[in-house]
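S.K.: Next come the chains, spelled out residue by residue.
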Amino acid sequence: MISMNRLTEWIDHGLKRARWPTSRAARVALIVSLGLLLVGVYLVQSSQIVMSTRHVESLRQELTELRRENALRLASISELASVVKLLERAKALGFQPADVVEFIVVPIVLHDDAPSLREGYLNP
Amino acid sequence: MHATARPRLTVIIALMVLLGGVVLAQLVRLQVIEHERWIGNAHVQQTGVREIEPERGRIWDRNGVLLAGNEPRFAVWIDRRTIESSQRPDEVWGVLARDVAPLIGLTPQQLRDKLSGEYPRVKVKADLSEAIGHQLAGMHVPAVEVVPYWKRVYPQGSLAASVLGFYNEEPVGYYGVEGYYQAPLAGEKRSFFIDHDVWQDPLPLSVPPDAYAPPGADLVLTIDSVAQMVIEEELARALETTGAEAGAIIVMDPRTGEILAMANAPTFDPNQYTETASTDPKRFVNPAVSEVYEPGSVFKIITLAAALDSGAVTPDTTYYDTACLEIGGQSLCNWDRKDHGVVSMVDMMAKSLNVGAATLSVRLGAATFYNYVQAFGFGRLTGVDLQAETPGHVRTPADVTTWYESDLGTNAFGQGVSVTPLQMITAVAAVANEGRLVRPHLVKTIIEDNRSREAQVVEIGQPIRPETARTLTRVLVEALEREVPQAQVPGYSVAGKTGTAQIPIPGGYDDPWTIGSFVGYGPASHPQLIILVRLDRPKTSPWGSDTAAPVFKQVATRLFNVLGIAPDSPVGSNQ
Chain E
1 MISMNRLTEW
11 IDHGLKRARW
21 PTSRAARVAL
31 IVSLGLLLVG
41 VYLVQSSQIV
51 MSTRHVESLR
61 QELTELRREN
71 ALRLASISEL
81 ASVVKLLERA
91 KALGFQPADV
101 VEFIVVPIVL
111 HDDAPSLREG
121 YLNP
Chain L
1 MHATARPRLT
11 VIIALMVLLG
21 GVVLAQLVRL
31 QVIEHERWIG
41 NAHVQQTGVR
51 EIEPERGRIW
61 DRNGVLLAGN
71 EPRFAVWIDR
81 RTIESSQRPD
91 EVWGVLARDV
101 APLIGLTPQQ
111 LRDKLSGEYP
121 RVKVKADLSE
131 AIGHQLAGMH
141 VPAVEVVPYW
151 KRVYPQGSLA
161 ASVLGFYNEE
171 PVGYYGVEGY
181 YQAPLAGEKR
191 SFFIDHDVWQ
201 DPLPLSVPPD
211 AYAPPGADLV
221 LTIDSVAQMV
231 IEEELARALE
241 TTGAEAGAII
251 VMDPRTGEIL
261 AMANAPTFDP
271 NQYTETASTD
281 PKRFVNPAVS
291 EVYEPGSVFK
301 IITLAAALDS
311 GAVTPDTTYY
321 DTACLEIGGQ
331 SLCNWDRKDH
341 GVVSMVDMMA
351 KSLNVGAATL
361 SVRLGAATFY
371 NYVQAFGFGR
381 LTGVDLQAET
391 PGHVRTPADV
401 TTWYESDLGT
411 NAFGQGVSVT
421 PLQMITAVAA
431 VANEGRLVRP
441 HLVKTIIEDN
451 RSREAQVVEI
461 GQPIRPETAR
471 TLTRVLVEAL
481 EREVPQAQVP
491 GYSVAGKTGT
501 AQIPIPGGYD
511 DPWTIGSFVG
521 YGPASHPQLI
531 ILVRLDRPKT
541 SPWGSDTAAP
551 VFKQVATRLF
561 NVLGIAPDSP
571 VGSNQ
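Residue numbers (our numbering), protein chains in the order written: chain E, 1 to 124; chain L, 1 to 575.
Just so you know, the hints here were simulated from the structure itself, not pulled from any lab data.
Treat the hints with care, since some could be wrong.
Chain E stretches covered by chain L per the calculated footprint, using a threshold of three residues with CB under 8 Å from any CB of chain L [to be verified]:
| hint | region |
| --- | --- |
| 1 | 27 to 41 |
| 2 | 48 to 62 |
Between beta-carbon pairs, the in silico distance windows are [what the hints assert, rightly or not]:
| hint | chain 1 | residue 1 | chain 2 | residue 2 | range |
| --- | --- | --- | --- | --- | --- |
| 3 | L | GLY64 | E | VAL41 | 25 to 35 Å |
| 4 | E | LEU87 | L | GLN272 | 15 to 25 Å |
| 5 | E | HIS55 | L | THR47 | 18 to 28 Å |
Small disclaimer: the values here were computed from a predicted structure and weren't measured.
In this text, a Cβ means the ideal position worked out from N, Cα and C, and glycines have one as well.
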C-alpha cells in the first residue's frame, strides 16, 4: 500500500511539474494503457503460438516414434508367427501333419446367419 | 550552468553524435548495402532442408501374413570438418572416443580410421537400434548426426524369396515384386526448408503443417504363405531324393490367373541379400519367369489342343505309330524307339509318343500349328507382375533363316521351343479354364492412401473352344490314370502330362542330363489348382514321370487339404 501511495504521489508530482491539464493526462494515460494492452495481447498470442507450435512438433515427433515402434512390433510379431515357427511349435507340442483327411459331405451349408435365409434353406 | 561545463558538454554531445553516426553508418552498411550478403549468411546458418523418407509399402500374403515390412534403424554420420572448425577439437575427439565409439560398437581407433578417409562426412555406423539412436541424439555431440531410416525386413526369412525379390541400401527394390512395384512401394520422398536453432531443432512456425510423407503403397499378394511353405518343403525334399541340381514349382488358380505359390531352389534369404550377392548372385533370378527351357512332352498338350480344336482329330482318332518319322530330312523317334502300331489320341498322350505328336503337327500344317502355339501365348511375355520376365522363343516359318521343316515335328513334342515355366503353366491353365487364357498375376490388391484397388482377372484370349478344353481334360485324365499312377491323388481326378526334355547347349544337347517336369490340374471336374513341377538334371532317373510326377502328387495332395478343396472322385476309383 505504501508503494502504491508513493507511486500515486510521484505521478501527481510529475503531472504538476509538467503542468498538464487533467484531461490531457487522462488521454495520455488511456493511450499508454491501450498500447500496453496491445503489447500484452501480442505477447500472449505470440507465446501461445510458440508453445502450440512446440507442442505440435513434439506430437509430430511422438507420432513418428509411435509409427516406428508399431513397425518394429509388427515385424517382431510376424517373425514370431511365421509359418515355419508355428510349424516348429506345433511339432514341439506334439501335433502331427494330417496325412489322411476325410471330407464329410454336409447336405445343407448355411452361408449366412440371417434367420430368414436359414428358414428358407430348412423349409423351402 | 557553470561556465566550464558548456565546452565539455559540447564535446560530449559531439562524441555522442559521432558515435551515433558510426552506429547509423554500420546499420546502413549491414542492412542496406550488404543486405543480400548477410541475409544469405543467415539463411545458410539457420535454414536447412528436412527430408522425410516415406516408409516403404509393406507386402502381405493373401491371408494377411506379413512378407515384407520395415524396422526403424539409425545411422550415425560424423563430419570431420565440423570437428576441425570447432573451438575445442580435442575435446570433441575426446567425447567421440570416450562416449560415442563404445555406444556404436567401435573402438576409438576404428572410429578415427573411419574418419581419416577421403570424404569429410562419413557414415560410421548403421543398423543401430532405436534405443541407441535416441541415446546418441540426446548427447548433442557436435559433428555427430543421427539419421533414422527404415530397414527392410522379411519376417518369413527365405519364404517366397524369388517372388519378393529384395530391397537394397541404394535404396531400390530388385527382382520380384520389389523390383516390379518399385515406384508404388517407394512412395514419394518429401523435402522442405525449415529454420532451425543451434541444436538443429526446428524453430516455431517453420515446419509446414503437412510435413509428412505418406508411406508407399501396401501390396497384398495372391500368394498363400502356407501353400508356399508346402511347395518349398516338397521342392527341397525332391532335390534331396532325386539329386536334382535345381527346381521350380508353381501353383496357380487357373480360373483367375492368381499365383498361389511359386518356389525355386536353390533360393536365398532376402534379409541376407548381400551375402548372396557376393557368393551366388544367380540365385536372385527367378527361373520360373526369367529362364527358358525346352518343355518336352508337356508341350504335347498344346499340340493335341490345336488338333482337337481345329477338328483335325477327335480323341478316338487313330494313327499308325512307327518308331520313327522323317520330317524335313530329319528322323524323329519315340522316346523308347519302339513302334506302337495303331494308337488313339489317348494312347498317344498316355505313352507320350513323339511320332504321334509330330504326325498331328504335320497334319495341321505349319500355319495352323504355329497360330495355335502363339494363341497360347508362347513367344511373348505373359505380362506377369514380376521383374525380368523373358518372352521365350518359338521359331516359325516366318523366321526364314532359322526355321526348318523338321522344326514342325520337333516343336510338336516340345523340342526346339524355349518357354518359361510360367508360360507353360499359363498355357495349360487355359485348358483347365474352358479354353480361356488368363494373365497370371501376383498382386491381388494395392492399398494406397487408405484406398484399395483390386486386381482384375484379365482374359488374354481364347485359344481353344470350351468344348475342346473339356474334351482335352478328359483325355489327359484318362491318359494319366492309365500310365502315370505316381501322379494320382487319392479322391481327386487330375489331368496332367509328364515331360522329359534334353538340355540344349551350344552345338547340341547336354547328354545325359534332362529336365523332368509335370503339369497337372484338378479336381478335373472343376479345376481349382494347376501345378507345374520342374526338376533340373535329376540323378535318380532322367524321366519326368519318375522324378516330377511324384512331387506333383505330394504337392497336390497336401494343397488340396490345406486349401480345403473337396474331392471329386471316390477314394479308390483312381488308384
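S.K.: A separate judgement is required for each hint: does it hold in the structure or not?
M.R.: Checked hints:
| no. | hint | in the structure |
| --- | --- | --- |
| 1 | 27 to 41 | violated (count 0) |
| 2 | 48 to 62 | holds (count 7) |
| 3 | L:GLY64 / E:VAL41: 25 to 35 Å | violated, 55 Å |
| 4 | E:LEU87 / L:GLN272: 15 to 25 Å | holds, 21 Å |
| 5 | E:HIS55 / L:THR47: 18 to 28 Å | holds, 23 Å |
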